[in-house]
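> Position one of the sequence shown corresponds to residue 66 (our numbering), numbered consecutively onward.
None of these hints come from the bench; they were simulated from the model. Since this is a predicted model, take the numbers as computed values, not measurements. Check before you lean on any hint, since a few could be wrong.
[To be verified] Under the rule of at most 27 Å between Cα atoms (straight-line distance), these lysine-lysine pairs were calculated in the DSSO-like manner: (1) 335 <-> 180; (2) 289 <-> 342; (3) 194 <-> 342; (4) 194 <-> 505; (5) 526 <-> 191; (6) 351 <-> 526; (7) 275 <-> 289; (8) 178 <-> 191; (9) 194 <-> 178; (10) 526 <-> 275; (11) 186 <-> 115.
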Amino acid sequence: MVGVGGRIEVPLEQLEFAAYLLTSMFHSDPNLAGQIMQADETLEDVDVRKLAFVRKLSDFRHVISGGANQTLMLLRASIRETAPGYLETLILARDFQCSDARDKVHALFNLAKDKTGLRFKSDYSKDMKATYMDFVSAWIEQHGTLDILGAVEAQPASRDLYRTAPSWCPDWSVPASSSCLVRRERIPTRFMSAVDDLDGALYSADGGMKRTDSTVDIPLFELKDDILHVTGIILDRISFFLEAPGEVPAGMAFPPCDPPSYYRAMMWTKAFYLHYKSKTPETGTKNPYPDAFRAALAMFHGDLPSSWPPRDENPANCDPHEPSEPYVCIPNSNHSGQPTPNQSRHVLSYGGSYDRTAAWDVVRTVLRGRRPFVTENGYMGLAPEYLIDAETPTRTEPWLLAILAGCSVPLVLRENEDGTYAAVGTAFVQGWMEGEVLVKEMGVDTPAEFWEALAGAEKLKIV
């Protein structure tokens, strides 16, 4: 029960149901929030996005109970015994507040259910930096992967920590400024009893490697003296960022969705289309995409092009009320497992197809704090906005794009003068997210073969 000033008690299920209904209405009618605040002046300072806090708390309760409060018979959640995982819990609670920054890790200890083998204990004799570093080291050792590096953000708010802490250590003390690629951070807009656990990697840029996945007796990565030695490859660098499209034009018509997100996605999709239109093998310029429009649209939904085929190739998910849709999503019907490459990572199946309004809400999540870019080799992608120089926003310093064995998403690195590297964030690179670039560019049959060939090579040093 939730008590408010001793005046009322509300069951948490009712609070969650109200949050779900309000969230659904706000997504369907972008003007509703403003109308409510205009009608009640006491609500002027309320951020409607904080409804997500209620839903996240309810999600923790729902998942930890194993879905014990499920009431819908047709849509029942699938929840694994190890959910929620520690990393998933940290990411979902990253924008919550606490009076002691160490509690961004310690206070979640009893929520996580995948702690078997985790050599980490709550120790308040250690400062914030030591706490965060100890947790990263323990998590990497326990899971045998580097996915926790996907939570790194070298944003301005973290400068104090990174003056002394290594770049591979996420700063949990500040909210994330850009969308998370390494784990799900958004609670789907549906009844909580029908929400599956959100655990597990979204992508597999490295091919799904673990620390000991090598026939050579050499680990793919290891931490020594606060330096991460990792088998990895720098494949490309950011050439330029696309310009921000500016304010939404007055009087412009929108489908039921968030207008700024829709406008940015459409303007940037058009910009990509025009950029790649004249780039063909005959002109000697680089264009890795048979259909740049489709590749961009899929990327803004956090997906591969295969998840958004032309409508004539996906009649089962077509909407007769949307005859002008050039591409139609293949929604994710396996919410609690690793999506197949041709399924959406975020758009869920609903009533035999998918909800278009919910799909556009995914775009808002994916684009949060990110800016599209083009690499020197012609790939399109999304990188954190904090990388952009305010004085020359379309240009960039040499931000390097790398794939590390053991990390499911590409990382943005900065090379130091001594040849080491600093991790500064993650990037979505269309054409890399399932390890396909390793197969295509390196002439191997599988990503595992590529890493096997690199097992004895000199490792990248991330400090």
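> All the hints need checking, so say for each whether the structure fits it.
Going down the list of hints, with the structure as the test:
no. : hint        : verdict
1   : 335 <-> 180 : violated (46 Å)
2   : 289 <-> 342 : violated (48 Å)
3   : 194 <-> 342 : violated (48 Å)
4   : 194 <-> 505 : violated (40 Å)
5   : 526 <-> 191 : holds (26 Å)
6   : 351 <-> 526 : violated (30 Å)
7   : 275 <-> 289 : holds (18 Å)
8   : 178 <-> 191 : holds (24 Å)
9   : 194 <-> 178 : holds (24 Å)
10  : 526 <-> 275 : holds (18 Å)
11  : 186 <-> 115 : violated (31 Å)
In the structure shown, a violation is registered for the earlier hints numbered 1, 2, 3, 4, 6, 11, in ascending order.
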